[in-house]
Amino acid sequence: MSAAERFLQRLTARRADDPSWVAARRQAGAARFEAMGFPTRRDEHWKYTDVRRIAEGDFALASDVAFDAASFDALRLEIDAHRLVFVDGQFSATLSDLDALPTGVSVEPLSQAMVANHEAVGGSLGRLAGVDFSPFTALNTAFADEGAIIRLSAGTVVDKPIYLLMLSRAGSQPVMSHPRVLVEAGARTEATIIEHYAGEPEAANFTNVVTEVMLDRGAIIDHYKLQEAALTDLHVASIHVDQGRDSHFNSYNMNLGGALVRTDLVTDLNAEGAEAAYNGLFFVQGRQHVDNHTLVNHNAPRTFSNENYKGVLDDRSRGVFNGKVFVKKDAQQIEAYQNNANLLLSDRAEIDTKPELVIYADDVKCSHGATTGQLDEDAVYALRSRGIDEPMARALLTLAFVGEVMDKVRLNVIAERVERAVAGRLPERFNLADLVETAEAIQEA
Amino acid sequence: MLEVKDLHVTIEDKAILKGLDLTVNAGEVHAIMGPNGAGKSTLSAVIAGKDGYEVTQGTILFEGQDVLEMEIEERARAGLLLGFQYPIEIPGVKNIYLLKAALNAQRAARGEGEIPAPEFMKLVREKSAEMKMDPSFLQRAVNEGFSGGEKKRNEILQMLVLQPKLAMLDEIDSGLDIDAMKVVADGVNSLRSADRAILMVTHYQRLLNHIVPDRVHVLVDGRIVKSGDKDLALELEARGYEWVLEESVA
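These protein sequence lines map, in sequence, to chains H and F. Quick note: the first sequence, position 277, residue 277 per the working numbering, numbers continuous. Here the working numbering runs 1000 ahead of the position in the second sequence, where the first position is 1.
Hints listed in this document are in silico derivations from the structure and should not be mistaken for laboratory results. Some hints here could point you the wrong way.
Stated by the list, open to error - Across the chosen pairs, the derived CB separations fall in these ranges: (1) H:R420 - F:R1107: 21 to 31 Å; (2) H:E272 - F:S1147: 39 to 49 Å; (3) F:A1194 - H:A70: 56 to 66 Å; (4) H:S124 - F:Y1086: 52 to 62 Å; (5) H:N412 - F:D1214: 36 to 46 Å; (6) F:P1135 - H:N412: 13 to 23 Å; (7) F:E1144 - H:E272: 30 to 40 Å; (8) H:K354 - F:E1119: 43 to 53 Å.
Quantities reported herein were computed from a predicted structural model and do not represent experimental measurements. All C-beta atoms in this analysis are idealised placements derived from N, C-alpha and C, irrespective of residue type, glycine included.
Modelling step: build the complete structure from the supplied sequences, incorporating the hints.
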């Protein structure tokens, strides 16, 4: 039996009550996944990322949503938000909070939306993330039974972030989940959406999420993905974005956790004035492996993209950055900028970076660059010469390196959380929170 | 306070200092002058612990401690600070972070707790006002986008906050206009006290009009060949270094 077949066996066990359109969809996903199988490193898109740890794993499906209240409080972001919480992929009504949704906004767990409103959901789900995109998308399509369906009707500005918290539990039997997120942003809507992955420290589960975001004319969406799963968790994600005229999509893709992490981010800029900003940060230690594949398709004239990904790699960790910008023929006067900078804190850490520009139009402004280096030793010396010890000097400079990306983050609670995680390597007596506070107090005075 | 004896230093096997002796006592201000390439900057860099210099002979004692056995940061915490000729930019590290981390490191070395935030704020606001620096500089990355003069003022600001026992200033006057020179000199002069010392490296007499030294040394070809009081600097300004060279050879 192939690994794919073994995974799909879990599917037959529990899908008796699916509506027929869902069942058909699952079947298509399963068939495609079985045909493709798990990717191998012979596949160009997976050249640097070996998924055998997933393919050879044995993952059950969770059936309950019990979660320790104290660890929930410790893991969740302290943020005033419309909140949906999932535990190992299953929706927890108890931990969620959707009480005060304003009119014009609908946020539903996928399980409910599939049954209650199948026409609208069925029409959009999978429109951007087809089963051919990757074996994992197909696998997700076969299994997806939970997630979030977010719909904003034209002109709606959502007052608070919509916060999706995906929790992963530690247990004797690893589990898998295949969440699905769908965002349909009507014309001139504005919203901030957070996907936050966290969990118990020993969790060793497999999360395979697919997110689709559709922006109608003039919509503005800030999409945060904060992945700080356990260092033993396996995480695969694809984010598919489709943008209409004058729409803005700002992606903040921050990866701190996970043993094996792969994210695909794909945006189609389909009409004039559409603009995408990709801000990425990953910080890996130990033997973590993080792979970011990004793609921007400039399908229309006068579209804009700006990408800045930064990586910090320590110990024997490994990073992959593959950023592609594709400019269609006739997509004139577009602007596309891409930058990837990596900081290696250890001799044994490794980064494979590959920026790609494919341009078929002739009147464009494009640039890309990739740099990889170590900390500036002159700066280390300058700090030490003021009495700051070497580990702290290195920590300050590492923090400074990620600062450029973090400065773009508009949600303070996330910026601080990430800065603190990065500062985790600071000596204990170095009180970062106190420093930040002092700096802020002086600014205000 | 500082005792340098028979100091020999090479850079990549090239001899730079060739038996330098220097004693600086608490309460004194010393100026080291000399032609280009004499080893002036090397002396302060070696005392501060910069990499790339090999001490082949001699000793440096600071308050009786063997400086050459101390890590760079230990020297700073003990009260040895060097103001750089070319302060580097440290993108992303706010001035305020550097000042607080450095001050707390120094306090920890003395067995004191961290400085309370309000006290620290008061201190840095006062000291930046003395250096005629807008408090917004504290929020900016260290020296990033600073003009030459601002960088030098920032060096002195660090000194005022950290209050070194021995402040070494490497060509602190280079690139300063008259107004900035005055501010920098006032800052340095405010450090003068009976239990502190200052060691300046400079090319020009001009600085010494503002920070009047107790002792002036002429460093030529890796050795101090002549020492005197502030009048020696005036004489050097008028006559150049040639006569000292001739005198020392004779």
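Results for each hint:
One distance hint, 21 to 31 Å for the beta-carbon pair R420 of chain H and R1107 of chain F, holds here, with the actual separation near 23 Å. Between E272 of chain H and S1147 of chain F the C-beta distance comes to about 43 Å, which sits within the given range of 39 to 49 Å. Judged by the Cβ atoms, the range 56 to 66 Å given for A1194 of chain F and A70 of chain H holds: they are separated by roughly 58 Å. Here the CB-CB span from S124 of chain H to Y1086 of chain F is close to 59 Å, well matched to the stated 52 to 62 Å.
The hint said 36 to 46 Å for the Cβ distance between N412 of chain H and D1214 of chain F, and at roughly 53 Å that hint is violated. Under the hint 13 to 23 Å, the C-beta atoms of P1135 of chain F and N412 of chain H, about 22 Å apart, fit the expected range. The hinted window of 30 to 40 Å between E1144 of chain F and E272 of chain H holds, with their beta carbons roughly 37 Å apart. Between K354 of chain H and E1119 of chain F, the C-beta spacing of about 51 Å keeps the proposed range 43 to 53 Å intact.
In this structure, only the earlier hint numbered 5 is contradicted, and the remaining ones agree with it.
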